[in-house]
Amino acid sequence: MDWKLKKIYAGILENEKGYVKKIWGEYNTVCLAYPNQYRTGMANLGFQTVYKLLNVQPSFLCERAFLPASGDDARFVSGTAGIFSLENQKSIADFDVLAFSVSFENDYSNILKMMDSSGIPLMAKDRSEKHPLVIGGGIALTLNPEPLADFFDLFVLGEAEEALPPFCSHFEEARYLEQNRKDFLKNIQKKLLNIYVPSLYEVTYSAESKIQSIKPIEEGIPEKIKIKSVKNINDFYTEEVISASRTEMEDMFLVEVNRGCARSCRFCAACFVYRPVRFRSKQKILASIDRGLKKKGKIGLIGTAVSDHPDLNDICEYIIAQKAQVGLGSLRIDKIDDKIVELMKAGGIETVALAPEAGSQRMRDVLRKGIMEEDIIHATELLAVKDIPNIRLYFMIGLPQEEEEDVDAITELTKKIQHHIRNKFQGRKRFRRITLSVNQFIPKPATPFQWCALEDVHLAGKKIKKIEKAFQKDKQVKVIHDIPKWNYIQALLTLGDRRVKEILLAAHRLDGNWAQALKEVHINPDFYVYRQKELDEILPWDMIDLSIAKKTLMHEYLAALKENP
4 MDWKLKKIYA GILENEKGYV KKIWGEYNTV CLAYPNQYRT GMANLGFQTV YKLLNVQPSF
64 LCERAFLPAS GDDARFVSGT AGIFSLENQK SIADFDVLAF SVSFENDYSN ILKMMDSSGI
124 PLMAKDRSEK HPLVIGGGIA LTLNPEPLAD FFDLFVLGEA EEALPPFCSH FEEARYLEQN
184 RKDFLKNIQK KLLNIYVPSL YEVTYSAESK IQSIKPIEEG IPEKIKIKSV KNINDFYTEE
244 VISASRTEME DMFLVEVNRG CARSCRFCAA CFVYRPVRFR SKQKILASID RGLKKKGKIG
304 LIGTAVSDHP DLNDICEYII AQKAQVGLGS LRIDKIDDKI VELMKAGGIE TVALAPEAGS
364 QRMRDVLRKG IMEEDIIHAT ELLAVKDIPN IRLYFMIGLP QEEEEDVDAI TELTKKIQHH
424 IRNKFQGRKR FRRITLSVNQ FIPKPATPFQ WCALEDVHLA GKKIKKIEKA FQKDKQVKVI
484 HDIPKWNYIQ ALLTLGDRRV KEILLAAHRL DGNWAQALKE VHINPDFYVY RQKELDEILP
544 WDMIDLSIAK KTLMHEYLAA LKENP
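For the sequence shown, the working numbering begins at 4 and goes up steadily by one.
Mixed in with the good hints there might be a few duds.
[Stated by the list, open to error] Computed beta-carbon distance windows for the label pairs: (1) SER212 / LYS553: 28 to 38 Å; (2) HIS423 / PRO279: 11 to 21 Å; (3) GLY223 / PRO168: 43 to 53 Å; (4) GLN92 / PRO169: 29 to 39 Å; (5) LYS227 / VAL388: 47 to 57 Å; (6) HIS525 / LYS465: 41 to 51 Å.
[As the list claims (entries may be wrong)] Think about it this way: if two alpha-carbon atoms lie no more than 30 Å apart in a straight line, the pair counts; the simulated DSSO-like pairs of lysine-lysine are: (7) LYS10 / LYS297; (8) LYS522 / LYS554; (9) LYS481 / LYS348; (10) LYS427 / LYS478; (11) LYS554 / LYS229; (12) LYS93 / LYS133; (13) LYS389 / LYS465; (14) LYS465 / LYS565; (15) LYS553 / LYS565.
Worth flagging that the hints you see were computed from the coordinates, not collected in a lab.
Ideal Cβ placement from N, Cα and C applies to all residues, glycine included.
Full structure from sequences and hints, please.
If you want it as structure tokens, here you go:
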């Protein structure tokens, strides 16, 4: 590692509070890798939680590694410079375990880049005892690990607090007994929940290229990977562990208030994966807030259903009473009332995010969103009353059986909000900025829409351009969106099976040229992306048991179709 990078790493650590630096030679070593840049990874509370969980294990040392910033890429030529840990500047190849925390499918190619640049064989079958055990976890892998199955030794799925401590105990025992990797993997797959060793399962395909079976290769290995959730999130705190500058949320101390969501919107993976809904107690949250206020003047309350927390108003009042600011994620539209808007204003919030998801009532019913147009108008009116200057509205296009009039309804609803505020307050109040975040719907595993196909990205792009054109002369409204072509790649990696690894390998070899990779590999990506799945076919992620019956998802899917005759 050259002296310039050492200086960069030293500078980063100087601006952090809360990191752990242990002495090598006394511990089982784990490199926790985030397959994106530092500023993004350190804003991820799940990543920080895993860092803490591993370091509190008495016999474990955990350090962090990130994808280098774009300006540093030249130093990371494959197999030469490598990737190094932040705390002790060790190569990721020198650790006993290389653990990837993966939240987004579009980061998959970065995993290959990080391993290859450090001389670690990409395929699990090509690695020996001298190489780190490569493991992975996070929401993206819990939904569908199959596109990465051949690159990982094992996956630790579900919630880290439930899955990681038992894994650490078994790993420590295996090293004490000098157990080889193959025997360790078999043993841990047989004994623990939340663990998935892909090499212990064989996938066969039919002549039509559909999955014919997913079966364990020998007796004693479970047919399905049972995912167990934490029963009581009050048994621990989930809060910012390391406070750092140069991150995406550097001004906020992050505190988790809940997991799961009882709303069961049909497109939302979090509603189904993180069941049941659990709220952390006010007492626990206030204790986290007190610790956070010693470090920062703004508290970010995060969770999958923050606005459903029964004590949200009291929690916000407490933060404001400490002369601090409140940061809230997207709020349920039907939870917006005078009190919460007043608290948001007092807490220094200038932009409120709302998620109608669809412009027409018909499509909101298909999504099981549970809100009416009157709720949306009422919520925005309350925000205007308190002079909240900016709102962000989240919409999706390309929804199942969407019609052109449903796309037009997004424009119509936005203009109706503008006109209502102007007329209600006779021009005395207005929003400084209305931001429309319009993105393409991508089907997700473990949801009722898992059988759906992605809409053609070119058609999706035209729909977005139509909405943009409607507001091109309106300085109050700004339309933002993802690039549609990347939605195709995300859908491929979200819905794919093990064969998609060939495309990932080609994209890696071609330095991220996905268009060329899709041409070179003799796999039809449209098979995964644009094909409507049959209800009775085996899906790539069917071996993951999230305690959601497939019949339940199917019932919701068919109910959605009835909502859209």
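Hint check:
1. SER212 / LYS553: 28 to 38 Å: violated (21 Å)
2. HIS423 / PRO279: 11 to 21 Å: violated (38 Å)
3. GLY223 / PRO168: 43 to 53 Å: Check failed, 23 Å falls outside 43 to 53 Å.
4. GLN92 / PRO169: 29 to 39 Å: holds (31 Å)
5. LYS227 / VAL388: 47 to 57 Å: holds (52 Å)
6. HIS525 / LYS465: 41 to 51 Å: At roughly 30 Å between Cβ atoms, LYS465 and HIS525 fall outside 41 to 51 Å, so the hint is violated.
7. LYS10 / LYS297: Holds, at about 29 Å.
8. LYS522 / LYS554: violated (37 Å)
9. LYS481 / LYS348: Status holds; Cα separation ~22 Å.
10. LYS427 / LYS478: holds (21 Å)
11. LYS554 / LYS229: holds (17 Å)
12. LYS93 / LYS133: holds (15 Å)
13. LYS389 / LYS465: Violated, at roughly 36 Å.
14. LYS465 / LYS565: OK: LYS465 and LYS565 at ~27 Å, within 30 Å.
15. LYS553 / LYS565: holds (19 Å)
Hint violations for this structure: numbers 1, 2, 3, 6, 8, 13, all remaining hints satisfied.
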